[in-house]
Amino acid sequence: KAGVTQTPRYLIKTRGQQVTLSCSPISGHRSVSWYQQTPGQGLQFLFEYFSETQRNKGNFPGRFSGRQFSNSRSEMNVSTLELGDSALYLCASRSTSRETQYFGPGTRLLVL
Amino acid sequence: AQTVTQSQPEMSVQEAETVTLSCTYDTSENNYYLFWYKQPPSRQMILVIRQEAYKQQNATENRFSVNFQKAAKSFSLKISDSQLGDTAMYFCAFMSRGSGTYKYIFGTGTRLKVLA
Numbered sequence: 001k002a003g004v005t006q007t008p009r010y011l012i013k014t015r016g017q018q019v020t021l022s023c024s025p026i027s028g029h030r031s032v033s034w035y036q037q038t039p040g041q042g043l044q045f046l047f048e049y050f051s052e053t054q055r056n057k058g059n060f061p062g063r064f065s066g067r068q069f070s071n072s073r074s075e076m077n078v079s080t081l082e083l084g085d086s087a088l089y090l091c092a093s094r095s096t097s098r099e100t101q102y103f104g105p106g107t108r109l110l111v112l
Numbered sequence: 001a002q003t004v005t006q007s008q009p010e011m012s013v014q015e016a017e018t019v020t021l022s023c024t025y026d027t028s029e030n031n032y033y034l035f036w037y038k039q040p041p042s043r044q045m046i047l048v049i050r051q052e053a054y055k056q057q058n059a060t061e062n063r064f065s066v067n068f069q070k071a072a073k074s075f076s077l078k079i080s081d082s083q084l085g086d087t088a089m090y091f092c093a094f095m096s097r098g099s100g101t102y103k104y105i106f107g108t109g110t111r112l113k114v115l116a
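Sequence order for the protein chains is A and X.
Going by our numbering, the residue at position 36 of the first sequence is 36; the numbering climbs one at a time, nothing skipped.
Going by our numbering, the residue at position 97 of the second sequence is 97; the numbering climbs one at a time, nothing skipped.
Don't read these hints as lab results, they were simulated from the structure.
All figures in this text were calculated on a predicted structure; none of them were measured in a lab.
Heads up, the beta-carbon is just placed ideally off N, CA and C, and yes, glycines get one too.
Just to be clear, a hint being listed does not mean it is correct.
Anything over 12 Å on all C-beta distances counts as not near chain X; from chain A, calculated [stated by the list, open to error]:
{"#": "1", "residue": "ILE12"}
{"#": "2", "residue": "LYS13"}
{"#": "3", "residue": "GLY16"}
{"#": "4", "residue": "VAL19"}
{"#": "5", "residue": "GLY58"}
{"#": "6", "residue": "PHE64"}
{"#": "7", "residue": "SER70"}
{"#": "8", "residue": "GLY84"}
{"#": "9", "residue": "LEU88"}
{"#": "10", "residue": "LEU90"}
{"#": "11", "residue": "GLN101"}
Footprint (simulated), chain A over chain X, 3 or more residues, beta carbon under 8 Å [unchecked claim]:
{"#": "12", "stretch": "26-39"}
{"#": "13", "stretch": "101-113"}
To spell it out: a stretch of chain A is covered by chain X in this simulated footprint if at least three of its residues, at any positions, have a beta carbon under 8 Å from a beta carbon of chain X; those stretches are [stated by the list, open to error]:
{"#": "14", "stretch": "20-26"}
{"#": "15", "stretch": "102-108"}
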């Protein structure tokens, strides 16, 4: 089975812009979670989607949003980018009723 | 609220030696799962080992084993016969399932360097 894929792998944006990141889960996995990874904060949970519904949400401002499509692919959007949004954004998928998450390679976002 | 603490930001070990990474957690729940993930430099995060809280037996995966002390809320990772490829950031993670949702909490990580 192919693993979790994320596109793009690298992005450079400027403050005030918006960005959309994409994640394709492992085939058959219906749960997709998003994390922000920074050197100082470690992995911070953003949100989880399951069957196109947001099931869980972390403590991030409303500028961070997401959605999931019927094929389980997920997108994450960040509007009005700030310098502090520079991070590695990781996507992880999980099979229904299984506990283990599998991570994608991440999208490294740099906000200038 | 659940928390996960990794008190060793950085560690190093000689090749072929054994090293133990520490992780403690705090929870009031009885059913949960614990994981160790490995993130090599500029590479993808991969699962190393997982432990179900209801199982008393410590999980083992080849050179990787855990020491799970439920009462002490401790979940350490032992790497035997360390190899250069073990150089990575290691994250301890806790997962609980409540109200139909899965909640994951990660520690801040331990950077392990294996020395030749």
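Hint by hint, here is what the structure shows:
Distance check for ILE12 (chain A) against chain X: the nearest CB is about 17 Å away, which clears 12 Å, and the non-interface claim stands. Every CB of chain X is more than 12 Å from the CB of LYS13 (chain A) (nearest about 21 Å), matching its label as outside the interface. Residue placement check: GLY16 (chain A) keeps its beta carbon more than 12 Å from all beta carbons of chain X (closest about 29 Å). Distance check on VAL19 (chain A): its Cβ is at least 21 Å (rounded) from any Cβ of chain X, clearing the 12 Å threshold; non-interface status holds.
The claim that GLY58 (chain A) is not at the interface with chain X is violated, since a C-beta of that chain comes within 12 Å of its own (minimum 10 Å). Listed as outside the interface, PHE64 (chain A) is consistent with that label: its C-beta sits roughly 17 Å from the nearest C-beta of chain X, beyond the 12 Å cut-off. For SER70 (chain A), the condition that its CB be more than 12 Å from all CB atoms of chain X holds, with the nearest at approximately 21 Å. Under the 12 Å C-beta cut-off, the non-interface status given to GLY84 (chain A) relative to chain X holds; the minimum distance is some 18 Å.
For LEU88 (chain A), the requirement that its beta carbon stay farther than 12 Å from each beta carbon of chain X is not met, with the minimum near 10 Å. The Cβ of LEU90 (chain A) sits about 7 Å from the closest Cβ of chain X, inside the 12 Å cut-off, so the non-interface label is violated. Against the 12 Å criterion, GLN101 (chain A) falls within the reach of chain X, whose nearest CB is about 7 Å from its own CB. Closer than 8 Å: that is the beta-carbon criterion, and the stretch 26-39 of chain X has 3 residues meeting it against chain A, so the requirement of 3 holds.
With a cut-off of 8 Å between beta carbons, the stretch 101-113 of chain X has 9 residues touching chain A; three or more are needed, and the interface restraint holds. A stretch counts as covered by a chain when three or more of its residues have a beta carbon under 8 Å from one of that chain; for the stretch 20-26 of chain A and chain X the count is 0, and the coverage is violated. Counting residues of the stretch 102-108 of chain A whose beta-carbon sits less than 8 Å from any beta-carbon of chain X gives 5, enough to reach three: the coverage restraint holds.
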